[in-house]
Amino acid sequence: MRKGYIDKRQLAVLVILMIMGSYFLVVPRTMAYYAGSGGWLGVPLGALGGVIVASLVIPLHRRFPSHDLIGMSEVVLGKWLGKAWSLLFFLYTLSFAAVTREFSTTLLTPFLSDSPIGPVIVIGMIIMSYLAFSGIESIARTAQVFLPLIVISILLILVTSISSGDIGRNQPWLGKGPASLAMAGLNAGAVFGEIAVFTVFLSHLRRTNDDLAALGWGIFLSLVPLTLITIGGISLFGHEGVTTLAFPAISIARRIKIGIYFERLEALFIILWFVLSMLKIGLILVASVITLAGIFELKTYQPLVLPTAVLSILLSLQFETDYSVLQFVDKFTTYSLPFAILIPGLILLVAIIRGKREVQQ
Amino acid sequence: MVTPRKSADQDLSEQLHEPGQHGSDEGLSTSLQENITAITEVMGADNADVIVRKFIIGTQPKPTPAAIIYIDGLADTTVHQFSIIQPLLYLGTLRKDNTAEVTQENLANYIRYCLISTPNSSEATTRQEVINKIITGDTAILVEGLTQSIIIDTKSWEHRGVGEPKTEASVRGPHEAFTETIRVNTALLRRRIRSPHLRMDMMQIGRRSHTDVAIVWMEGVTNPNYVHEVKKRLNAVDVDILPYEGMLEEFIEDNPYSPFPQVQITERPDRVAAAISEGRVAIIIDGNPMIQIVPTTFSTYFQTGEDYTERWMFATLLRILRLLSIINSSLLPALYIAITNYHQEMLPTPLALAFAAARESVPLPAFVEALIMVLALELVREAGLRLPSPVGSTVGIVGALLLGEAAVSANLASPILVIVVALSGLSSFILPQYSQGLVLRFMVYPFILLSAGWGLFGLTAGIMVIVIHLSNLTSLGVPYLEPLWRPKQAFRDTFFRLPMWLMQKRPGFLRPRDLQRQRQKIRSWEPASLETDQDNQGKKEQP
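Residue numbers (this note's numbering), protein chains in the order written: chain A, 1 to 361; chain W, 1 to 543.
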């Protein structure tokens, strides 16, 4: 199978997709839940988590420019330990895909209340498997096609929230104090830490040294709208009101009016963010099947896509109610940060100690 | 001319007819009669259009019998009369060079260089070669005692003249279109690009048809990898006859299971010339007025040649219009169904009421209604295409009545749906290439079903699958959606059409050998006011 190549800009888009894909919709709620009116500060604190993960992922990539995670860990940790470590990563991405998939269905609940959920899951599965099947290059291009729409939707939501809300509701700006801010930061940090998945994809970069710029811009360009939407959400609903909303960003979208004719456009926004979460699941799924194929030393990962997708769907059906998904999303992120730091971190540490690096040809 | 083929399957290739194998591969004998018999045996002794004309060349000391063989209708008889038979009959006695004897050895050269007065001649030594030349329209001269035959280029057959483009009419651009004859087509291109670097690599495809195919590209501009790739794929084509260029497309495209055409088709020489100058490769197939251009991209869906003849602002607006009509033609009916069935709240209240009132008397569900109307439109469209033109307009009127008035008054469709379907149908005609419109037209049906089932969610799922598919597609290795994610190029000549003097570079995604097309600073002069100039000149002249 041909190895796809992506450039700097595409990688940055994928990083933004990874961080904001599902988080943009819920960030005001989680931030306000942990830090009250100081929630806006949680996002930049969380971005530090992203920076930490990036500072592990980038040196690792520079050491092994053409290896993905499984390749690196086998070289560094030895064959069997490396495979075991990659299996851990596979489980991480699999559960991650499961959570995001369930999240995407939850997103659709408002206007799919009458239809059976089965076909909806099957349609979602077809899309995510097709994305994963097509590979990283295709996902990047598809994301770029939808990018203008996504930017417009983010701008509309931000402008509406900030223009019709009351910024004063963000006071006191530091919220409930340092401890609560740290909790909020940890939560946001877990989301930013999701870029650990890019250990698999960095080897697809056309130029090795573009990794820093792409990850940096990706983190920065996600940080700004996430901070602004938190401020906007709190100024519109107050930090207590916003914690009662499932998807604050969609609630803001409900208030968008263009002219006097176009209103109640939230269906369009839900659909758009459904597209985004599908792209995100596709991305995670590719990472997990590439790793699985590496573990079993298969030539191509494509035969594994459908079984893995089914597996992640079965896993996601463990959630009983929509609310439990949202609750789990909050918890899962706290579990995910140690994973995100540990998986590339350990490989990097051992690589430094053992002095392993890729032999330049 | 015939390219050697290597079949992977040796057993199979033994049973297959090899191109260019007619009879035995024997050399010509010295006996004229033997040669004629051998050739007419292969070509069929009763063949009415194979003409053998025998005559005697008055060489000295003794006259030599000879014959010409040609196919009536393919070869030019005036050339025969005045340039071949006349000189051979009457001038054979002349001694052009007094010192040299005409001997058996120099007879061939004597005929070729001293007697025949056609511009193009060559020699063939085997029967097969001679026959291959004759069937392409050349004339073979066989002479007693010679083991080679003199081949005269006499190709000239009835063909359609250069006419107006039928499917890509233009208001201001040139009104020439390609014809079915490959030589005319190559000449049309040569006249537009008078560069010695314009390459026309010829090859023949078709085991029995021997169809001429020309690969046109520009040395120093086109990336040689494309030319190499096209030749590789064309060489691998194994087909009996090649009457339609569409057949070739199926052999050489990257993704044979995709509904999207991965080869651009045009009948306008100016468009092909522009494409070649951008660094693309054109494929001309003899017998077809449509020229294929590879690699192609999705942007050809909203680009026409005429964009470059109109002012750039309007060309840009027209491109945006076409982009909208792409969305319109494939999505509008589905969007109507999704919104009326699932998302009424998105409509402004007065409009929603109007929709509901219009649908009140229609007993069918919206998606059945839409399917009926779209199908009916398809019928009118297809009928209009096939019927002779006088009847065609009648069909148009009947169709309009059937679709519009009658369907509404029979409560089969709501007036709003009629508008929606008509708009989407109209939009699909805007696209510059027929096969592109075809894809979008047939995408309507799955979209209607999806949005009938799951509203906007289903529709989005469908759109996503199409977008992923388009992201996967390549044409000759170039991603199909290519310049869309390169903002600079996308704005220069994809969504927008900037002024010509700003298009200094060729599209970079085609990886041309020479990226720069024009000088960087073109409009560097100041517009001079002619009035003051004349006044100044007048003053200077006075003293």
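Among the hints, erroneous ones may be present.
To be verified - Far from chain A by the CB rule (all over 12 Å, computed), these chain W residues:
1. Ala108
2. Ser122
3. Leu234
4. Glu345
5. Gly399
6. Leu484
Unchecked claim - To be clear about the criterion: a stretch of chain A counts as covered by chain W if any three or more of its residues have a C-beta under 8 Å from a C-beta of chain W, and this derived list gives those stretches:
7. 123-131
8. 143-154
9. 174-182
In case anyone wonders, no lab produced these hints; they're calculated from the structure.
Ideal placement from N, C-alpha and C gives every residue a C-beta, glycine not left out.
So, going through the hints one by one against the coordinates:
With a least beta-carbon separation of about 56 Å from chain A, Ala108 of chain W lies farther than 12 Å from that chain, consistent with its non-interface assignment. Chain A leaves Ser122 of chain W outside its interface by the beta-carbon criterion, the shortest separation being 46 Å against a cut-off of 12 Å. The claim that Leu234 of chain W is not at the interface with chain A holds, since no C-beta of that chain comes within 12 Å of its own (minimum 23 Å). For Glu345 of chain W, the condition that its CB be more than 12 Å from all CB atoms of chain A is violated, with the nearest at approximately 5 Å.
Annotated as non-interface, Gly399 of chain W keeps its C-beta farther than 12 Å from every C-beta of chain A; the closest such distance is 33 Å. Distance check for Leu484 of chain W against chain A: the nearest CB is about 7 Å away, which does not clear 12 Å, and the non-interface claim fails. Residues of the segment 123-131 of chain A with a Cβ under 8 Å from some Cβ of chain W number 6, which satisfies the need for three, so the listed coverage holds. Requiring three or more residues with a Cβ within less than 8 Å of a Cβ of chain W, the coverage given for the segment 143-154 of chain A holds, as 3 such residues are present.
Chain W is given as covering the segment 174-182 of chain A, and this is violated because 0 residues of the stretch bring a CB closer than 8 Å to a CB of that chain, at least three being needed.
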